[in-house]
Structures are given as structure tokens and as C-alpha cells.
Amino acid sequence: MGSIEAVHIRNVTKTFGSTVAVNDVSLTIPAGSFTTLLGPSGCGKTTLLRILAGLEQADNGQILVGSSVIYDSEQAINVSARKRGIGLVFQSYALWPHMTVFQNVSYGLKLRKLSHDEIEQRTLAVLKTVGMEGYEKRYPSELSGGQQQRVSMARMLVVEPSVLLMDEPLSNLDAKLRLNLRAELKRVHEATGMTIVYVTHDQTEAMTLSTDVAVMNHGVVQQWAPPQEVYHNSRNLFVAEFMGTPTTNRITGTVQLKESRISLMGGVASFPLGAELQSLVTDGETVHLSIRPENIVLSAQEQPGSIPLAVYAYLDSGPDVHVYLQGPDGTTIIARDDNRVKPGSDKTLHVTLPADAVRLYRDESGDLIQ
Amino acid sequence: MNRRSVSTRVRWGLHEIVQPRFVLNVVLAAVLVVLIVMPAVSLVYRSFTASLVDSFRIPGVQRGDLILHHWQRVIVTRSAFFVPLFNSLLVAVGTALVAMVIGSALAWLVVRTDLPFRRSLALMAVVPYMLPSWALALPWLEFFKNTSAGRPPGFLQVLTGIEVPTWLVFGPVPIIIVMGLHYFPFVYLIVSSALTNIDSQLEEASELLGATRWQTLRSVTFPAIVPGLFASLLLAFARTIGTYGTPALLGGPVGFTVLPVQIRSFLRMNLAARAYILSIGLILISVVLLYLNQRLVGTRKSFSLIGGKGFKTRPVTLGKAGPWISAGAHVFLIVSVILPLLLLFWSSFMERAGSYNLSNFTLHYWFGAGDQAISAGEPGLFRNPRVIRGTFNSLRIAIFGGAICAVLGMLIGYSVVKGRGKTFSQFLEKVSFLPMLIPSIAFGAIYMSFFARPIGPLPALYGTMALMVLLVVGKQLPFTTRTGISSMFQVAGELEEAAEISGASWPRRFLNIIWPLTRSGFISGVLIVFITTMRELSLFILVITSRTEVLTTLTFSYAEIGQQQLSNALMTLLIMIILIVTAMIKLYEHLSRRHRPA
Ligand SMILES: Nc1ncnc2c1ncn2[C@@H]1O[C@H](COP(=O)(O)OP(=O)(O)OP(=O)(O)O)[C@@H](O)[C@H]1O
Ligand SMILES: [Mg+2]
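If you read the sequences in order, they're chains A and B.
Using our numbering, you'd call the opening residue of the first sequence number 1 and step up by one each time.
Using our numbering, you'd call the opening residue of the second sequence number 371 and step up by one each time.
Just so you know, these hints were derived from the structure itself, not from any lab.
Careful: at least some of the hints might be erroneous.
[Said to hold, decoys possible] Not the full set, but computed from the structure, chain A residues with beta-carbon under 10 Å of chain B: (1) G54; (2) N60; (3) S73; (4) S80; (5) I86; (6) Y107; (7) R112; (8) S115; (9) H116; (10) Q121; (11) R122; (12) P161.
This structure is a prediction, so every number in the text was calculated from the model and none was measured.
The beta carbon of each residue, even a glycine, is placed where N, CA and C say it ideally should be.
When you get a sec, could you build the whole thing from the sequences and use the hints?
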């Protein structure tokens, strides 16, 4: 305990009855990283965290913290939650209502039979780290949600676990507090250097906080990479569409190898197919083209290769503008336009899709073509 | 997982069985099997088993043989089963109806109107339910008794000279009235909670459309509470059918027999198998009723959705009629609840039965030493060894029963919550609820059939205090388990897991987290079992011996042999104990709510 460790998850599977909550997950969480498990509700994030913490037992697989095995289905090893040296911050905070803030935070230290002075000194120090000094005598019911959250974090930090798990710690707070605590979390991570595994379904949170993101769906890790990589080079359509608000634009097209292009929107538009991709696709194959709203270039005049599209909504939120455009076949495209190009009297804008920002995905598997 | 080697599987198995939770589960399952499953099976088995007496009476039958004889006799002898069954149903239907009329009228008045002094009505309305179910049978006799069979006259006859007809003293009519007056609080509680959940905007809407108050009541209020009414009717019915005291006291002298009474007389006639058969019948009736109720509760949920947002209750104004209705309701409750108890109390100071003058005043029945001239030499309560022993027995059974039952309830609650959905915990949950389906008298019969002889290492428990305590534990388990589950729900999840993550071992978690947070639920569990046990008669009446006599059975036996004043005095004592403990429970709940850092 105390040292900063990596976590190795190998082929971990967990089923509840017929639901496969976690499906053959393998991940290595580097020591000192801030890894986020990101995914829609019910995708198995909490279950994976609870398996790591030892509160739930996987059906299969192996888990190591540093070099020590804490779970191994083949060797029948299952280190109990209390001996794993892993902390877990619950979504509900789970503060003990009958204990004061001080008692809540010092509980783990008392169990370790430290001296009275050391307990007091470490408890006060960690309360200071989370900005809760002066609240020692309060009961949890006398704290605000954000304060309870800080105390529940302090309770886990105080025993200096080698890994800290957090299950949607900010989801019960209002938007403003969430922003503040996000910065706080980042600071705590930098101050302690601890390995943190963080669960959220808020992708902005994931983007801003993490060093690594693992996007999950149906119990399977879809992509595991640094956040920018996940965002810009999403490995499949699910990840591409899950990341980003508003979501990425998906335009379905057909490969026309002879013309080296992809015909879009029923043939009224097309997108040049780069030479390096031509060997990866077959003629007539259906593919999906994904481009994020901020990468679309709009102009009032026709440009080489641009597609004229009808504007049907123009939403100006102050800092940025979202333009909703519609193709002749009904395809909707959302563009974020920082230049505030106004459509002409024909309510049409010319759309250019920069080749380096476009990603192509296969139709059946949804995988990135690269 | 499927291709795991044998040694891995063995090692996982070993892992599993040293877990505290696993050990706990196994122990609890064993306890439930012994307390509930095996006794229930033995009831059925014993109903087919030939006794020693049978082996003399029936040619070719050895003791222990399986025979259909008793089942056949029960079915062909009208007076053995069908007559008591009919009487039981008659009494249950009547009681349920009386209880429903009184209970729902009171509920409506208290919850939905601006009746003056509603709160005092609400308070009085629950009193009968706290008392033994036959508490009113004694003052009924005291008041209405007639001299027709050479008995001393009752209060009414002494006061006015009116001799009421015997059908008003004994038989179905007084039984129904007395039990109806006991069970109406039950309906009152269910219906008032149903009424609280109706949005008064529905009623207002109806009035805006021009409906009169009566039309609104009939077409809006009433349909909304019909499921609640029906449920309370079924539950009152189910309880009545297993009740022993009142029908025995008020039916016995005129030969009006209900199933519980018949069960006891079969046991006294050494026809245990037939008693068990009738008990099975009672259980089946109860199962059907509670099943119907379960179905109803399902539909009732949709009614409570009526409220929703903008929920608001505005009382119905009674206007000028208000004070009159209030006065009427108060008089009714005073006459039917308070005055009878006062009469009971007063008569315990009357030396000779049948006279209510001050000249007849005596403290003998409370403090007197044995005197052959009065009541066959039985000393007054406070000097009567039977009473003193009975009091101690009652207290011991209630305290030990309450404590054991509450501990079991908590532990089962823990197992159920922790292992949600797992086979083991489902087993625990289902089985611990079974006694709910079994009327008290039948539960007594079940334990007679099982614990009367040695079972493995366990000696025969008939005639021991242990059996009495087990009876209480088994019968009350559904209630403490329910409390246990609900208090564990808040605690045994993440609150306990947080302690586990912090490094606390299982005993530590129990001590530091679970116990402090469930203690108040536990204590109210103990108190509730205590109070129910103090007033319980039907559960004990079959298994009682002179050594294990409790206050209720003693009171009943004095009443049975015509020692009226003694039994009246004893009932008064019992009621005082119950009221004091109830007040203490309320006080405790009040205090623990205030101090809880919620
Ligand atoms: N104890 C359980 N018993 C049965 N099914 C469960 C249990 N716990 C989780 N599941 C199921 O496993 C799946 C994954 O659940 P999990 O709680 O891990 O999702 P999650 O990603 O944390 O979702 P959320 O974002 O809503 O918290 C869900 O389908 C859920 O219904
Ligand atoms: Mg979750």
C-alpha cells in the first residue's frame, strides 16, 4: 500500500443470469494514470469497478495490481476487498450517517491501529487536501452534496491506496459544482500521483480529466487510448458517435472504385477516395463517412468539391453557431461554424469535407477503415 | 469457466464455504428448516399416522402405521368438520363485515373530514387492536349474562331487571359483535391509508361538475378505496378464522363450535390426527385468502398512482352535522371500548358475582390470601403462585422470543439483502414468510405434532419453556424478517461495502456500521414481538401445560371454569401491562427518531 501501481486486467468476464455485464475485458491501466471508463448506461462500468475493488467476483479472468495477483479464476485466487489496497468512491458517497466527518475519514486509519496523534494528523491533512478542513464535527446529513463528495474522497485517500476507483463521483451534483470539482479532482490527481480509475458517462468529463479513456459498450471495451485519440481516431462507429456533442455526422455512401470516390446522398454528391484506402474496400461496398461538426467548412460560395446543402436551422448560442443542413435525400448534417457564414437568399450553404478530418467505417462491423 | 480443472473448482469451493456470509446462510437455512419446514411437513405426516390409541381401537393397525382412517372420519362425521367449518365461516364473514363498516366509517371521518376532535377518535380507534382479541368477551358476559341456566345475573339484569335472550349472551351473534369490535381497527388502519392517498382534486372536480357530496362519495371516493376495503376484509377474515378465545368463551356454553375450538377438543380427546387435519384445513383457507389479497394489492398500486403531482387533500366540510357526528362517534367508541374495560375492572372488586354495590366491595381478588369461602380457595392475584408464575412465564417467553426472533430477523434480512436474487437468499426470504399463512392455532398444532417427541439430538420439548419461546420465534418471524430486510436495505449495501474497502473485517463491519444503523429497527422488532406475545392466546392454548402457563392462558382458564372475578382482574392486569409497554414503544420510537442524525 502507498506505492503507485499499474492494474492489469486480463480476460475478465462477469455475467448476471443471462446478462453479460463485462465481456472478456483486457486492459492495462498504467501506474499514475487517470483512466476513465466511459460508456452508456448499463454497459458494465460499475460492474468492472466493483470487480476491481473485490466487491463482485468475476466469473473468469485475472487481475493484477503491480505484480501481485488479486484475482485469478484458474488458480482460485481472490484477495478480499479489504486487503487489496484499492479505494472506491461510491456514486452515492456511502458516508456513514452515524459518524462525524472526522470519524468517517479516520475509520480506515483506526482499523490500521495507528497512534492517536498520527490518525489525527493524517485525517486533518487529507481533509485539507480536499478542502474540508473545519468540518470535522459535522454529520454527513449536515453537508451539501459537494461536501459529502469531498469527504467520501478523503475517506478513501487517507489510507493511501495504490489505486483509487471512482464511480461517477460527480453525477449527483449540479452543473456548476461539477465543473469546480472536476478541477479539484485534477489537482488531487496531480498532487498524489495516484492511479485513478474513473467511471463516467459524461464524455466531456472523460476528455478533460483523463490520461486514458476506455470506451465500453455491452460489456466490451471498444477502444482504449488517450482521449484525443479516441475522439479524433475513433476505432468504430459506436465510439465515433458516442464521443462529442453534438454527435458526429454520419453520411452513408457507396464505394465507386473506378471513379476513386464514394458517392453520397444518392449520387448528388461525392467524396474522393484516397489512394491508401482503395485497396481496403471493394467496389459497391456501403461505407459510413464520419466527420465532426467543428471540422466541416462552410462557405456562401461554391468551392471546388463542395456540396450545396439547404439550411434548415441556424442556432446561435453566443460562443458558437450550429448550422443544421439537409441533403436532398434527407441526410442531416450539423456543422459548427466559428466564422458565422450566413446563408444567401436561397438558404443554401456550400459544404466542404476536409479529407484529413473524415473517417470511413465499414457498414457491417462499424470498424474504422484504415 | 466450463473448462476449469477439478482442483480449481475444489479450491473455489473451499474459498466459498469459509466466507462468513456462507456460514451464516447455512446456519440460517438450518434454523428455518427446523422451525418451519420440518414442523409443517410433520403436521401432514402426523395426520396420517396411527397413534397408540388407534392401535387399540382399529383392528390390524400398529402404532405409527400410515392410515387414512382419520381423514375418512373427519369427512364423514358432520360434527367433526363441516359444522365447525360452517360456523367458522359464518363468524368470519360476520366479523369482517362488522369490522369493515365500523372501521371504514371511522377512517373516512378521521382522514377526509373536518370532524371536530378527530385526533381523539383516531387514538381510541386503535385501542381494541392492542388488546387480546377476546378482551371484550369477558365484559360482554359480565354485562349481558342472564340467569337462565342458573348463573348469577349480569350487570344489565341487576341494574334494570331485563333478562336478555340467550342468543344475545352466547353463540354467533355476540361472537361476531365482540370480534368485530376487536378487528375494526385493522380495517381502519388500511382504509385510512388508502384514503390518505386519494387526491382530493378528484373529489373537487366531481363537486364542480355539480355532484352532491353523497354522489361524490359514491362515485369517486368509494371506487378508489374499494381494493383497500376488500383487502382489509380478506385480512380480517383470515385472522378471525384462526381465533380461539372469543368463540370458545361465548360459543362453548351453547355448543356453538368453530374450527379452532374443535381442534382443541380433538387434542383433548386424544385424537391428535384429527386436530391436525382440521389445522391443515384452516391453513388452506388462510392461504387462499392471503393469495386473493396478494392479487388485490397488485391492483391497488395502480390506484395509489391517482395522486401524483399536485397532490393535495382538502377535508370534506361536515358543517352543522359535524359536532353531532363527532359526539356520536365518541359515544360509540367509549361505550364499546372504554366502558367495558371499566366494568371489567370494577367487577374484579366485587366479592360475589351478580352484585355491583359498594357493599360487595373487596380487594380479595387482587390482594387476598387463599380463603375456602371465596372462589374455591384461589388467592388474589398478587399472592397467587399460579399468577406469579404465569406472569414470569409470559415475560420470559415474550422477552426471549422477541430477542431471538429479532436477531434472526436481522440476520435473515442481512442475508437476503446481500445475496439478492441468489437461490439461497430467496429460500430464506420465502420460508421465513410462510408462518404468515398459518393461523396461530394451527401453528400451535404444527409444533405439537413436531416437537412433542424427541427429534434426533433434540429432546421432546412438550411442556418446556423452550417450546413456548420457539413458538413465538417461528410465528413472529415474518414480521421481524420484514423489519430486518427493510433496515438492512439501507445499510448492507454500499455503506457496508465502504467499510469493507476501508479494511474492516466482517465482525468489525457488523459492530461499527451495521449494528449502530439497524439498532432501532431491531429494538422495535423486539418490542413488537413482546407486545404481541403478551396478548397471544391462540398460539399457546394447544401446547400449554401447568408448568408453562402464561397470563393469557391462565386468564382464559379462570374464565372457562367460572372464576369470573379472578379472570376479570387478571385481564385488567394484562391490559395494563400491554398499554404501558405500548406507551414505552411509542416513546422509544419518538426518541430514537429525534436523535437519529438522518
Ligand atoms: N447485481 C446484479 N444482478 C443482476 N444484474 C446486474 C447486477 N448488477 C449489474 N447488472 C446488470 O449488468 C449490466 C451492467 O450494469 P452496470 O451497473 O455495470 O452498468 P453501468 O455501466 O455502471 O451503468 P450506469 O451508467 O447506469 O451506472 C446491466 O445490464 C445491469 O442490469
Ligand atoms: Mg454505474
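How the hints compare with the structure:
no. : hint : verdict
1   : G54  : holds, 8 Å
2   : N60  : holds, 5 Å
3   : S73  : holds, 7 Å
4   : S80  : holds, 8 Å
5   : I86  : holds, 7 Å
6   : Y107 : holds, 6 Å
7   : R112 : holds, 7 Å
8   : S115 : violated, 17 Å
9   : H116 : violated, 18 Å
10  : Q121 : violated, 18 Å
11  : R122 : violated, 14 Å
12  : P161 : holds, 9 Å
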